[in-house]
Each structure stands twice: as C-alpha cells, then as structure tokens.
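Student: Residue-level listing of the chains:
2 protein chains.
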Amino acid sequence: MAADLAADLTAQQLTEKHRPTLDRALEAIRTRDYWSPHPEHPKAYGENGTVSAADGKAAFDALLGSRLDLGQPGTDDWTGGEVSPFGPELGVEYPHADIDVLLPAMRAGMAAWREAGAETRALVCLEILARISARTHEFAHAVMHTSGQAFMMAFQAGGPHAQDRGLEAVAYAYEEQTRTPKTADWSKPQGKRDPLELRKTFTPVARGIALLIGCNTFPTWNGYSGLFASLATGNPVLVKPHPRAVLPLALTVKVAREVLAEAGFDPNLVALAAERPGEGIAKTLAVHPEIKIIDYTGSTAFGDWLETHARQAQVYTEKAGVNTVVIDSTGDYKGMLSNLAFSLSLYSGQMCTTPQNLLIPRDGITTDAGPRTYDEVVSDLAASVAGLLGDDARANALLGALVNPDVKARLEAAAGLGEVALASREVANPEFPDAVVRTPVIVKLDGSKPDDEAAYMSECFGPVSFAVAVDSTGDAVELLRRTVRDKGAMTVGAYTTSAETERALEEVCLEESAQLSLNLTGGVYVNQTAAFSDFHGSGGNPAANAALCDGAFVSNRFRVVEVRREA
Amino acid sequence: MAADLAADLTAQQLTEKHRPTLDRALEAIRTRDYWSPHPEHPKAYGENGTVSAADGKAAFDALLGSRLDLGQPGTDDWTGGEVSPFGPELGVEYPHADIDVLLPAMRAGMAAWREAGAETRALVCLEILARISARTHEFAHAVMHTSGQAFMMAFQAGGPHAQDRGLEAVAYAYEEQTRTPKTADWSKPQGKRDPLELRKTFTPVARGIALLIGCNTFPTWNGYSGLFASLATGNPVLVKPHPRAVLPLALTVKVAREVLAEAGFDPNLVALAAERPGEGIAKTLAVHPEIKIIDYTGSTAFGDWLETHARQAQVYTEKAGVNTVVIDSTGDYKGMLSNLAFSLSLYSGQMCTTPQNLLIPRDGITTDAGPRTYDEVVSDLAASVAGLLGDDARANALLGALVNPDVKARLEAAAGLGEVALASREVANPEFPDAVVRTPVIVKLDGSKPDDEAAYMSECFGPVSFAVAVDSTGDAVELLRRTVRDKGAMTVGAYTTSAETERALEEVCLEESAQLSLNLTGGVYVNQTAAFSDFHGSGGNPAANAALCDGAFVSNRFRVVEVRREA
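Protein chains in written order, with my numbering: chain A, 9 to 575; chain B, 9 to 575.
Hints listed in this document are in silico derivations from the structure and should not be mistaken for laboratory results. Incorrect hints may appear among the rest.
If chains are identical, the list can't say which one is meant, so a pair holds when it fits in one copy or spans any two.
[Unchecked claim] Below, computed lysine-lysine pairings styled on DSBU-like, alpha-carbon distance capped at 35 Å:
1. Lys-200 to Lys-342
2. Lys-200 to Lys-25
3. Lys-65 to Lys-25
4. Lys-200 to Lys-65
5. Lys-196 to Lys-25
Isolated chain A, as found in the complex (with noise of 0.2 Å):
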C-alpha cells in the first residue's frame, strides 16, 4: 500500500475480506469447473452491504438528468446525450477531458501502484468489482437503458457475469504476475573456487495507460476483462466508452476511483474519456503515444485499424464474425429446436455470438421424430421461435430492444435476400412504448448460389439467421471451415448423431480454432459462455485476436524488470 496508515482501505482488510475470493477464483481457473461469487438472482441483493432491488431502481433514477462528476484532472467540458433504446433520454452528463491533462495526470500514480505489488493491485481490483457487485440492480438498469437489454439479461449479463469476468483476468494477472518470484539467490558452482552469487530481484512493471474502447452491447461484460487485466497489472486505464453507453462504465469508473483512494493509491489510476457527439475520440487515443494497451469490442473495420495503426500498443480485438451452427441429425429434435430458438432470439441476436447461418442438408437430417427435410426443419425451427416469442410478455423479457437503427435497417433488408420462413414481426412495449423490439427473421438461402453465398458469407449483427441449404454434411463441415478461417467466429455449434461427424467438426474446430458446442437441447444455449471456464472467443480466427480470458490475455501488459547484484 503506498499509505497505509492513512488509507481508509489497509492492507490487512483487504486480505481479509477477499484473499480467500481470489484463492478460489485461481482454484476455478484451473479446474474450470462452475464458481462465482456474483450472485445471479436480483432478489439475492438487498442484504450484507448490497443494494435491494428497489434502492438500485432508485439511485438509477437520481442519475437520470444528473451530472455525473468524476473529479477528474482536465475537465474542459460537460457532455451526454444518452437516449435508452427503450425511449427516454437519460440526460446524464459526463466530464469531457482534456487528454493533454489527463494522460500525464494518469502517470503520476503509477509508481506506487507498481510498489504495491501483485497482490495488493489484485485485492485492490477485488474491492471494486465488490462494490460494482453490491450495486448490481442499478448497474442493471444502467445496463439496460444503453445496450437496450430486458432487464433479466442487462442485470445477469451486465452485473454477475461481467464481475466474474473482471475477476477471472484479475485472478490470470495474479497468477501471471506471481510466477517469478520477487527474489532469488542465485549460486553457480565453480569446482574448487568460490561458487559466483547473485542477489537478484524481479519486478512486474506495466507497460503504461491502458485505453479500454467500450461497445454499445456489453459495455461492463466485454470491458471488465480489459480493465481489470490492465489495472492489475499495474497500468493506468482510460475507459473510453462507446457515446450511446456511456453511463455503466462511467459508474464502473466512479467506484474504482473512490476504491483507489481510500486505498491510499491516486484515483487518477482509472479515468474516463467521454466524447462530443462525432468527435471520434477512439482514433486519437489509439495512437498517442502514451496509450500502451489497447482492449476493443466492436466492428472488423475498426479493429483491424487499430491492429494495423495502434503500432505503439499491445492491441487486443474482439471484431465480428459469422457463426454457424451445423445441423446433421439429433436424438432429441424438440430439445434443439427449442435451445435454437432460445438462441436465435435472446437479446434479438444482438450478440456477437449468436448463430447466423444454420447449415441444413437439402436432403434433409434425421431425428429422433424421424427424417425431417431441409423445409421441415426450416419450418419446425420458425415455429419453436414463434412459439417462444407468441406471447408478447415472455418475448420483450427475451428480446429487449434493438440497439440502434442500424440493426434495424439490417433486419428489414434481410428479407429481400432469400426467401422468408419466419417474418421478424414488432412486438408492443406496455412499459416502453418506444422501445423498437423486433422478433427474429429466418431467411431460406441456397448454399451453392453465389448470391446468397454474398448474404450468408458477411456477419448481419442483429436478429436475423439464415437456414442454408447444403448438398451435405460433409459440404457442412466444408463450408464452416472456410467461414472460420475467412471471417472468423466467436461460436460454432452442431447438432450430430454420427461420430465420424462429431469428429470431423471438432477437426475443423481444432484446425480453425474455433470454440464449438455439440449437442446442446438443454438451458445451456451456444450464445453464452461463463467466466472462469469457458473460454470467449479462441484468438485464433480472425472474429478475435485474444480469448477472454487465459495466459496471453494478460502476460504481455506488463514486463519484468530484473535487478541483479552480488550477493
């Protein structure tokens, strides 16, 4: 700690309260077995130190049209404009800094973050993820009114598993950072003469600011492994949030640095950078030179410019990819159906890894219920969708709202690409009225047409999934190879009977290095990994140049600094 006698966070309360946490976070990561910390249930909040449903609903509320005044360094200017894809306007203002103040402000801390060491920067993390923990329902609603998630999935998705993420990259930085130790004598033997001994040290030492780029989506889900990687491994982070998502990151800023402080470290160890409507903000940072660390969710285009151009960096991407789920034959017919559609329609398919194109023989699949033709099949899928969104409750509690109009001018060209067997139609918001909530399409494509080989071959982020006629399952497997290789996928699924298919998919999987699911009719659905277990994306294909979260996620924002003398 750099002071401990003055902090109102010491050293010895932070062991106690999360050592044993971050023991059983490094525990999970190696046996990968289920563990969290971060309860799921929004009625588990409200005791111990946390925050009920309805206080979280109501410290939402008093941010709405308020100033969200961080005490940064550099303050130029107030900005906002959040509209929530359910309708209101969330009038939260926000610092816009002033880069040349806040960059060199951000360093001034650094050295005693460095001091404190591996652990302390680890159980400092711990404490914040904690306080975010506490404060899940208003992260949740804050959550929702920016990704336009149902308030089940922003809570679940936005507040538990993205602090499991956090504190799975805290808990690889940990490990990381603690594999060499912070001292070694070192004795070479020399025969009869004196053995040569050297006293040596070895410091992790950060690599210098970390810019965390944040998407409109999952602004904490896919930030928090980012952050907290950084931030544990002893770098500054910027958190530059996507403009239509500021407020979950702002807040995720406000309480690491309020942590930071009463720590005794200096709270300009994670800073905010809100942008004017355009300013484009990202492109700056991403090349000044004092921005070491690069963590970005969003499109190929701007990815792949930031690996070409953010040379100064360690840059890792999650972009888009086309997911594909290979359907050869099943022993439970109604189980996939309904586990498809579940994952066709959850969030609208606004996850990067929603299935997109679903590779059916045009001959047709077996299954339990008998053989199904290519058409059946189709069919049978756009009835399970429509059966699980017909009631218009259950379907805006699954659907949440579209995103922005981009996805939703998406939607409606992709029924003119083939033809439609399930029409995406609007379904009325009683709460929101606003809200644009929009069921999935499915659209009939012909695998061999150049045509549709153009629609199905590109990612079309949103509810939208083609049915993709093959001429087999071996021109499957063919076909998912070359999506892979060529656009890259954050998930693969596939629904097999045969173990020479199993086999050949997991070949192209292993080949392409894709993360593939086999089988799945159950509540565990293709779209949803879970921390300290499931890998997120493999790194290996061009949708993502990193996984969250293992060993090379972390390994390279920091260096060690060996100091050597005789002993």
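Using the hints provided, position chain B relative to the given structure of chain A.
Tutor: Structure of chain B alone, referenced to chain A:
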C-alpha cells in the same frame, strides 16, 4: 505418440528419460535458482553416450565440403558458401527448398503432433536437446566457424547455454499449455431444478507454421528459445538461418527431424530454408500467409519491418539497443575495471548485451582507491583492457574473430569519432592466420556536445565503447533514461556506493523496462544472462519486443479450443 508401437522411441522411454528433467526445469523457472542439465566443461563430454572432444572435432571435420542432406520434400537445389570468420571455407551444401512444396508438407504432421499433447511434445523436444547436448563439441566447432566466437565461448554459449534456453522455453510452453485442464465437468446449480451440466474438453492448438530467422553471431543461443517454444506448442518450425551461419542450425534441424521420426512423428515438422546468396527469402517467407509465428534476432531496421509488415504472424523480435553503464562510484575500483574490461572484450563486443556507453561524471568518481577523475577512470579502464588482452593467446581466446567486414569498418570509423583512449590493435592468430582479430577501441566523447551525441546515441555493434563525460551522476541517470526510451537497451550496468543513486537507477530501469546489473566486480558480467534465472531483454523497450523467456513468449504461440457437450 502418433504410432507408439511402430516408433523406435516410445512414450514410456521418453517419460523415463526426460520427465525428471522437465520437472526440474519447471522448478527452476519458478525459483530462478542456478540450474542446468548441460555440462559447461568440454572435458565433461565423451562418456554416458556423449561425444568426446576428439570425436566431436572429427565429426565437424567430416561435415566440411559435404552435402548435408536433410531428406526434406521440395528440395530443388543445393546451396552453401559459408566462410569461417577464422578463414576457412566450410564448403557445406544445404538443401534449397521449393517453399510451395515444403510448406504444405510441414503442415501434414500437425494433427498428430497436436494429438500427442503437451507432455509428449515437451519430452520429444527434450530428446532433441539431449542429442544436441551429446554432440556439443561438434556444434561448438560449427558455431565457432560461423560466428567467429573463440572455441570456449562457442562451446559454452553455443552449446550448454543455448540448450538451456531451449529447455527453458520448453518448460514455459509445457506449463502454459497445462494451465488449463484437458477436461472439466461443469455443474451449475439451478435451485430446485436439476443443475446444468456440461462436459468440456480443452485442447491447445498450434497457430500454424513458425519461422525462425537466425542470426550470425549466436545462431543457436538466440535461436533455440523460439524454435523450441514454437515446436513444443504444436507448431511446425521452418528454420531460416543467417546465410553466414547455416551449419549450427542445419545440424539442429537434422537432429530434430531424426528424433521426430523415431518418435513416430512427421520429420517435416522441422525443416530448413537455406537460401542462395542474395536471395533474401526472409522477406518473402515473413509475409507468407502460412507463416503464423516469427522469431527474429538482428537489426532494428528489419525487426521493425517485420513488426510492421508480417501482420498475419505473431512476431517476436530482438533488435538492437544502446547499452549503458553508469559509473558513479565504487567500493572495488580494481574489480570494477577488470569486470568492465572483460565485458568490453568478450567476443570483441559483438554481443547484443555488450556495454557501449560508459557514462562517467566529468568531475570524476569516488572509489575505494580514492577519487578518480574522468580522465583517470578512462585511462585506468584502457589499461585494464590492454592488460587483459596483452597476451595474444589469451586475447585470441577471449576475442574470437570479427564476424564480418561491417564490424571491422565500424571499428575503424569509431576511432575518428573522438579522442581515442585505447586504440584497437590487431592480434595475430597463429592457428588461423586469416582471422581478423581486434581488441576494443575506447573513444572519449562529451555528453553535452551534439556531434558526440549523434555517435553515442546510435548502436555501434562491435568492439567499440564510448566513455561519455557527463556533468553529474544525475545527468547520467537522465541520459540513461533517454537512451533506453529512445534507443532501447538489452542491458544496463551501474556502479555506485550511494543508496540514493542506486534507487534512482532502479527507478529508471523499472520505468523504462530495462534489466539492471549493479556493482558487478567478480566473475559475473553484465553481458551474460543465465537461462532459468535471468531474463534476456525485457520486451518493454525498443531493443526487443520479447524477453527470453517468460509467459508472454509462449502463451500466444497456441490457442485453446474448447468443445463442450451436455453431460
């Protein structure tokens, strides 16, 4: 193993022979104490299956004028032309590869190599290293007559120390791949309902073909970390040696191919890409879409080119830096002088770790032998170097030969940059009359003169040191900071008796990510690092983007593919 029953080397044999060594290496990289399984003394060879000095020399002699057939697919010609820096033409011919044939052949064995798993891959790598170790005498002559290192240095640095670096990389690679279990059972409670249960498998998968671009001065020492890190993580490795230092890496490839075949794997997992004079295939290979990893040691210009253009690959570079020694004060003046004299002389300063700039306050320093002026320090150091190299036999044993005419040209030009405190002298080598052997030159420069700054702020690779007069130790520390930040450094040395100065030096090295050796006066030198304990470079300043060896050096050479199924 791919085909245990058919293989000459079974998994059981490999485990019995090498698993204890792997375990000890894993312990060493955690404790960073002194350890090596590779004997440093030439006399230690000749028993227990190792090759004696005489037999090793005979094996080397038998290679001269021969054609080294590796049995590689796509061999379309033969090429060679190495001339020893000590004079003789080697006359060895190597296969020239048709890359369009060789690269696909290298991919053919990848699936079996992946399926073998991390442990078997590690054990096969250890067998390769063990066979190289047994033939250390032969490799020593090969390194000597391609690098110009004197025999003892070629023996130690090119033999056991290089093998140590290879083994260290294997240990890191093994540890990194086994951080994630092969399988996991995941069970998520669902309250009163049945838990969600998944069976998950995790497989480390290669990125693709790795390219090792070898260097002239340390073909094995600088090559083995990358070669073995890539191979142990499942990647085929194409070895592109420096055209003047092919033999040590060609022999390495030959051994690797033999072991792979004996263990039942495809020998084409390791192959050589020797080139015709002036062919420049590194540039072609580096941007080839099949090349996914590049390890490079050499000039900053080409290293920067690789980092900029080889965007399809993970690029690990060791480039050039400007190494500094700050001389503030010492409690062992004699020891300091003799230690520095050795560091400047070893291999005629042709190490990426040799100090170039000696920063000395112009008002002099304090020592245990009383105060010494700047002029006195410089002349005392000159006398120490002259004394160390006064005897021709000893000089030859320390200096070796200049590796190429460029080094000689730089050495000669350096004498015109300032006042010469110690002139370089020609040393006759009775055994190799054509060898170009030169003692180091020490040139006095003024830290505050812009013309001098142009000299000392550029890397002058070879036996050239600048004694730079600075206004104060504080100025030296700031010049050190600027040098590391702008030019990079593989090493920093310093002599001081002041705790405050020591702290300031450490702070600069921590902030600029440089490896610091303090007050070395005995038998350890700033330009030497020991595998398993010392990091070579930091990867955090412009001299190199990677360090030998750490988690970051191995963690992105593979990805983990997860397959999950309902349990």
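Student: All hints are to be evaluated individually against the structure, with a verdict given for each.
Tutor: Outcome of the hint check:
When the C-alpha separation of Lys-200 and Lys-342 is checked against a cutoff of 35 Å, the pair qualifies only between copies, where the shortest distance is 23 Å, while the shortest distance within a copy is 79 Å. When the C-alpha separation of Lys-200 and Lys-25 is checked against a cutoff of 35 Å, the pair qualifies only between copies, where the shortest distance is 30 Å, while the shortest distance within a copy is 52 Å. Taking the shortest alpha-carbon separations for Lys-65 and Lys-25, only the intra-copy value of 27 Å comes in at or below 35 Å, while the best inter-copy value is 65 Å. For the homomeric pair Lys-200 and Lys-65, the shortest alpha-carbon distance between copies (28 Å) is at most 35 Å, but the shortest distance inside one copy (76 Å) is not.
In this homomeric assembly, Lys-196 and Lys-25 come within 35 Å of each other (Cα to Cα) only across copies, at 25 Å, whereas the closest approach inside a single copy is 42 Å.
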